[in-house]
Amino acid sequence: MSEYFEHVHEGRPIDDIEIIDAHAHLGPSGGFHVPKCSPEDMIRMMDTCGIDKTIVSPTPGLTGDMALGNDMMLDAIKAHRGRLYGACYVNGNYPELSVDELHRCFGENADVVVMKLHPILAKCRMDDRRMKPMYEFASRRKLFVIVHTWLDEDPYGNLDIFSAVVKEYPDIKWLMGHSGGPYGGRRAVEIAAESPNVYLDITMSMCPARQIEFFVREAGSERVIFATDNPFIDPRPSIGRIALADITHEDRINIFGRNAQNLIGI
Amino acid sequence: MAKLAYFDCNCCVGRVAYPLLHDISGTEGLIREMDTAGVEEALVFHTVARDSDPVTGNRMLLDEIAGNDRLHPVWVVLPHHTGEMPVPGELLKDIAENGVRAVRMYPTGNSQGFSLADWNAGALLGALAEAAVPLMLDIEIAGWESVADILKRYTTLPLIVVDANYRHNRFSYPLFEQYDNFHLELSRHFGAGIIEDIVARFGSERLLFGTNMPQYTGSAAVSLLTYSEVSRADKENIAGDNLRRLLGRALS
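From first to last, the protein sequence lines are chains A and B. Residue 66 is where the first sequence starts when you use the numbering used here, and the numbers rise one by one after that. Residue 7 is where the second sequence starts when you use the numbering used here, and the numbers rise one by one after that.
Some clues are possibly wrong.
Listed next, with one range per pair, are the computed distances between beta-carbon atoms [stated by the list, open to error]:
id : chain 1 : residue 1 : chain 2 : residue 2 : range
1  : B       : K158      : A       : E161      : 51 to 61 Å
2  : A       : F97       : B       : G32       : 44 to 54 Å
3  : A       : K143      : B       : A206      : 29 to 39 Å
4  : A       : M66       : B       : R207      : 34 to 44 Å
5  : B       : E151      : A       : E173      : 44 to 54 Å
What the simulated footprint calls covered on chain A by chain B, stretch by stretch (three residues with Cβ under 8 Å from a Cβ of chain B suffice, anywhere in the stretch; the number is not a length) [claimed, not checked]:
id : segment
6  : 94-103
7  : 185-192
8  : 283-291
9  : 316-330
No lab work stands behind these hints, which were simulated from the structure alone. Being a predicted model, the structure only gives us computed values, none of them experimental. All C-beta atoms in this analysis are idealised placements derived from N, C-alpha and C, irrespective of residue type, glycine included.
One chain only, chain A, in its complex shape (with noise of 0.2 Å):
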């Protein structure tokens, strides 16, 4: 029995590990309803079950306007310092303006510690030679790059498409979204064993029975990232996989926090 199954029963916040969530966004989506989509929203979740800090990039951003959502993001971190970090969103069908954001939100604010990508909402793909220009950015600032990825049936980002790209850019640290989503897990922990800037990312709505245990087995444990997808999946769910999951102490504080500190240092 894991020794957070008290914690977690009793609905007692993690207070005794950094955790950090990798993986967030912010605000609406147009595509259904959340119902706890603001930043106040996001900190107050946080704060019950004792997530410290958030790298957030907002929806609209994501769906629509890359300049919206940074713009979201820039206010968001500059409103809550110390709980909310920002990924700068880009997106390859703007090669010029994507760059212009990135030199704009990493110089504005120091907080600003990401670059995100979401190839099938752009309906770009991620080898796709309109990203070249982000990635070298990325390359020369040894950038944490989040993307989201999905197994076979995401033609813009999936997991083949994903090994391909970062063998490419090895000065990057890459986290797999979703770690190809809830069928991908074994060909992400492959992949993880081909390419060493690789992170396996827990984020998912359909959580596979024994997943955590199978990535720290098979990847170890300073490989596995907590992250949430708040706000469009509870952050709570996920304190739930990391505290009750049959791993060591030791995995939980690598995969809650100490991870993304070594990578990200925040």
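Add chain B to chain A, keeping to what the hints say.
Coordinates of chain B only, in the frame set by chain A:
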């Protein structure tokens, strides 16, 4: 807060053709997942009843969980017209004799090949409604239009939508508003603040704890509930009391 007493409405036993990650097909594996998450009891159906043959799967289920007082059987049922299952009155007797208090149906051509409309499933739905036997429908298969139609036609039928997700509030909220017999299971209904929002708008009496173990981990649904900002009474309702009340009224 003392630990909640969980009664999971959405578990299964049996092998599946395409596992998410691991093959956890027997009672022993399910119990291990329940213990890891801290779930005491569960309603269970057999995957063979869903994916291959309801008659065979329902029989296998009774054998698989026999003697285990933490697991309670759910049968997959069909309309009687092809003779695979008895007429509704006889089916209800079988259900009662075998300790079954809730059923599932898998309609449409992509699943078990029948319609939920009255010309096809009307007799069965009417019998279930009269006996107040909870009916669980997988929303990916049944669809929201069929669910709304059944809720309107059979107001005494406790209908539980399972496997709804964070994208479905614009479908589910009108049903909460309009139909007291609409219930929602939470195994992947993880939109941010979902429990607080539904409880504030509609109360906690129609939300049911579910996990889809052993396909999914149970720990996600557990921590969504334990960390939610609703009252202890609301958490008890959702964790198991609502389901216990529904099952207590079935076949009575």
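- Message: Name the hints, by number, that the structure is in violation of.
- Response: Of the numbered hints, 2, 7, 8, 9 do not hold.
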